[in-house]
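Each chain, letter by letter, is given below.
There are 2 protein chains.
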Amino acid sequence: MEAKAEFMTQVNDLYKFQAIQGHLGWDQETIMPAKGAEARGEILAWLASQRHEKLIDPNFGKVIAELENQETDEFLSANVKEMRRKYDEAVKIPTEFVAEFTKARSEALIAWQQARKESDFSLFSPHLEKLISMTREKIDYLGCEDTPYDVLLDEYEVGMKVSDYDPLFAELKERLVPLLSKIMQSGVEIPRLPESLVFTEKKQEKFCNEVSKAMGFDFEAGRMDISTHPFCAGLWPGDTRFTTRFDEKDPFSCLYAVMHESGHGLYEQGLPFEQSFSPAGGAISLGVHESQSRFWENQIGRTASFWKVVMPWFRREFPDCPDWDSETLDLIANEVKPDFIRVEADEITYNLHIMIRYEIEKKIFNENIPVDQIPTLWNNMMKDWFGIEVPNDSLGCLQDIHWSMGAFGYFPTYTLGNLYAAQLLSAMENELGNIDEIIASGDWSSMLTWLREKIHSKGSVLEPSDLIESATGSPPSPEPFLEYVEKKYSKLYNL
Amino acid sequence: MEAKAEFMTQVNDLYKFQAIQGHLGWDQETIMPAKGAEARGEILAWLASQRHEKLIDPNFGKVIAELENQETDEFLSANVKEMRRKYDEAVKIPTEFVAEFTKARSEALIAWQQARKESDFSLFSPHLEKLISMTREKIDYLGCEDTPYDVLLDEYEVGMKVSDYDPLFAELKERLVPLLSKIMQSGVEIPRLPESLVFTEKKQEKFCNEVSKAMGFDFEAGRMDISTHPFCAGLWPGDTRFTTRFDEKDPFSCLYAVMHESGHGLYEQGLPFEQSFSPAGGAISLGVHESQSRFWENQIGRTASFWKVVMPWFRREFPDCPDWDSETLDLIANEVKPDFIRVEADEITYNLHIMIRYEIEKKIFNENIPVDQIPTLWNNMMKDWFGIEVPNDSLGCLQDIHWSMGAFGYFPTYTLGNLYAAQLLSAMENELGNIDEIIASGDWSSMLTWLREKIHSKGSVLEPSDLIESATGSPPSPEPFLEYVEKKYSKLYNL
Chain A
49 MEAKAEFMTQ VNDLYKFQAI QGHLGWDQET IMPAKGAEAR GEILAWLASQ
99 RHEKLIDPNF GKVIAELENQ ETDEFLSANV KEMRRKYDEA VKIPTEFVAE
149 FTKARSEALI AWQQARKESD FSLFSPHLEK LISMTREKID YLGCEDTPYD
199 VLLDEYEVGM KVSDYDPLFA ELKERLVPLL SKIMQSGVEI PRLPESLVFT
249 EKKQEKFCNE VSKAMGFDFE AGRMDISTHP FCAGLWPGDT RFTTRFDEKD
299 PFSCLYAVMH ESGHGLYEQG LPFEQSFSPA GGAISLGVHE SQSRFWENQI
349 GRTASFWKVV MPWFRREFPD CPDWDSETLD LIANEVKPDF IRVEADEITY
399 NLHIMIRYEI EKKIFNENIP VDQIPTLWNN MMKDWFGIEV PNDSLGCLQD
449 IHWSMGAFGY FPTYTLGNLY AAQLLSAMEN ELGNIDEIIA SGDWSSMLTW
499 LREKIHSKGS VLEPSDLIES ATGSPPSPEP FLEYVEKKYS KLYNL
Chain B
49 MEAKAEFMTQ VNDLYKFQAI QGHLGWDQET IMPAKGAEAR GEILAWLASQ
99 RHEKLIDPNF GKVIAELENQ ETDEFLSANV KEMRRKYDEA VKIPTEFVAE
149 FTKARSEALI AWQQARKESD FSLFSPHLEK LISMTREKID YLGCEDTPYD
199 VLLDEYEVGM KVSDYDPLFA ELKERLVPLL SKIMQSGVEI PRLPESLVFT
249 EKKQEKFCNE VSKAMGFDFE AGRMDISTHP FCAGLWPGDT RFTTRFDEKD
299 PFSCLYAVMH ESGHGLYEQG LPFEQSFSPA GGAISLGVHE SQSRFWENQI
349 GRTASFWKVV MPWFRREFPD CPDWDSETLD LIANEVKPDF IRVEADEITY
399 NLHIMIRYEI EKKIFNENIP VDQIPTLWNN MMKDWFGIEV PNDSLGCLQD
449 IHWSMGAFGY FPTYTLGNLY AAQLLSAMEN ELGNIDEIIA SGDWSSMLTW
499 LREKIHSKGS VLEPSDLIES ATGSPPSPEP FLEYVEKKYS KLYNL
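So the sequences go chain by chain: A and B. Here the first sequence is numbered in the working numbering, starting from 49 and rising by one per residue. Here the second sequence is numbered in the working numbering, starting from 49 and rising by one per residue.
To be clear, the hints were calculated from the coordinates, so they are not data collected in a lab. On a predicted model such as this, the values are computed, not experimentally measured, just so you know. Not one of these hints is a red herring.
One copy or two, it doesn't matter: identical chains are merged, so the pair holds either way.
Taking lysine-lysine pairs in the DSS-like style, the calculated list, with each CA pair at most 30 Å apart, reads: (1) Lys261 <-> Lys83; (2) Lys102 <-> Lys52; (3) Lys356 <-> Lys251; (4) Lys64 <-> Lys151; (5) Lys261 <-> Lys165.
Next up, chain A with everything else stripped away, as it sits in the complex (with noise of 0.2 Å):
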């Protein structure tokens, strides 16, 4: 078989596999009963193993290598260097270590869902203890340059250290404290609901499916579902589905919820399906990724112009709601206020909660902390930095999925998110024109026109940083976000 086709079936191949496991992680995390679980975890080693491989597979190393030295279209280039990058990394893991270090992973789920609910983290620290553990073997066999705690970060986000975040962090946090302070100082009153109102569960959905539409998700190519922590799955080409949950006193956690992560499902939509089943046809980063919830999220719903357009769909669903103004709404939807819950943070204080957690896994990976000592670390950074004491580790380490899916290195990429969005905003506002004003035209598909055309249809062809140079015209940078926050914060609250 022609080098070229030989490659393209097996990379094809190893890609449906990936999407049936995200098929079957987004069942598993939905709709799954709960004794199907021991079941799921054995199917989803096995899948992983069968990968494994196939992905190892000696053949595909040299076909990799022939095409190497082929000219080769776009795609085809950016599919051929990213199969290097898996293939040199496989072949270092043994295929039982893949499987167990899966079954692994469910297993966890299990107890960290279990020890979250009942706020005991000695349910889950023994499983913890496991993947942290394995996750170092993993490291041995990968093999590190610098620190072992790099390998990890790589692994989410192509290119990035502990010596690119910790100074990016630093900045950040030396802007993003005193202005935190500033806000908290300013004396402005948030409005609040009345504790008597209820937000049915069918009326949210209803409103949220409304906005989502406006955005511009296509239902018809997915879904929206619930689960205890909204996520997205672009299982495959039109497929999409994004979870939310339901608060009856809070309609603004599911609408932010449904924003974000119909941000998330637009990218999915807009990928080149022409190159499905290829690593050159999916979402390049999950900085990227991350840079598309959070521009729907934050840049375009925490607006007063997006209330001005969504108010009538609220009032229909909600008629009892106070006769709030879309200021009102807006700085109801930009609370700034240091608390425990990472998902529910506002701009200025998320990036700080990911900063405590970038912090733990550097200690954890680089300074071999042991796992009891989690949570203390934990309780003291959020009392340091935030100046709270967590009443019980829901409220603190046990609040995030990502450590018992043995995802260590992965919440950097939500700051990544947040500066990507903000600097794509900024170029974004250059080319279009006033993005206030196109919100509050209430027509928003020039904007989402623009994302498709910068960033959802390159797929995987430039690495993130080339890709959000190419869309801005510069590369990378913490000022736009910096920028973004002090100037609508400083407005918001009058500073």
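Keeping the supplied structure of chain A fixed, place chain B upon it in accordance with the hints.
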């Protein structure tokens, strides 16, 4: 590797592929967004070819041969026997054909859904033509000893041929047609639900759930969802999913669909889990599977004693329903009427519906009648046998999903299920005592325990007819069914 271990690894791999195919099929029928259809078809075709390639691995053939000459336990021996059958068949069929056939089926399914909705046979006929011609090709690959249709019949119930079904159906028809005619002339009037009543989906769901739980279905190891055509998928250990549909004017349709599918589900939930992901650990045949669903739906659910037990649950949800007694509800649930739709047919006409499909399939494969003659043939038989004019193809030859899935030869297993169910009921009564009293007691666990012991826990160790004989003491026979319907309906219709 030791032959047994090597064999079981290969078998487990094959059945894991199959479990995933089942899962994706369930998703496709229940919740997949419309635009996901194309990629879903591609993935399913890919999985089918991956599985086929694994199955025809010559080394697997060698291992099977090796084990055929060894002493093995009953489960292993059943696995070896079944894999020999599957291997010998599969090696005759090219992998490309398997993939193409799977793809054609996915496409036909979509076309059929549309055709049925619009009652337009022409939308479906090119797909049906293709599936029939590919099925003929498959028969050629497999080779046929007797008639071509025999090859298909054997696929769905091993060992059954035209020469078995022809006399069986003749005997049934000979006694069912006169019974039907007597019932139609009995003059018994069936009470009707008031036109104005609405049975909301939510309340039907609650009521049906309660019945399903009372039967013993474990909702922690399963789910109930909605699909156009109710079905049950025993995905894998701890995860059995069935579906139903709601008609807000008719609560009985959903109830009996739920009892039917829960009956399938109980079989799946009672299989020997330690033999999971192997044929021996699965249901033995479609006929036996159908016996489980029909047992609960008809022998238990369509009785006055059943209604005595569930009446309070029914009244609680539907207090506006007429104050009928359990005998009246029994009569409503057992209304006999020659009508268009198989899945809603009573126990007398049901098997006649099957025979019509059997006769048409026999004509398609043994007499090569052209596809465009199917609607007329169907409608003429409905006129001859039932005396009714089929007003459109949605109520005629487009009603069933089976042909769109390329499942020719499947229908007769439904009749086998009806016969087995009656034979099981009779044997159960000999051992447990009066079944009517057990039903009326509201505690149905002794019946489930009996089925678990005699049928479910056996997996696929025995051939269908041997399993029925081991459970009932006699080889399969239509006599218990005929006695059952003659006795039951003579009483109901005062014959």
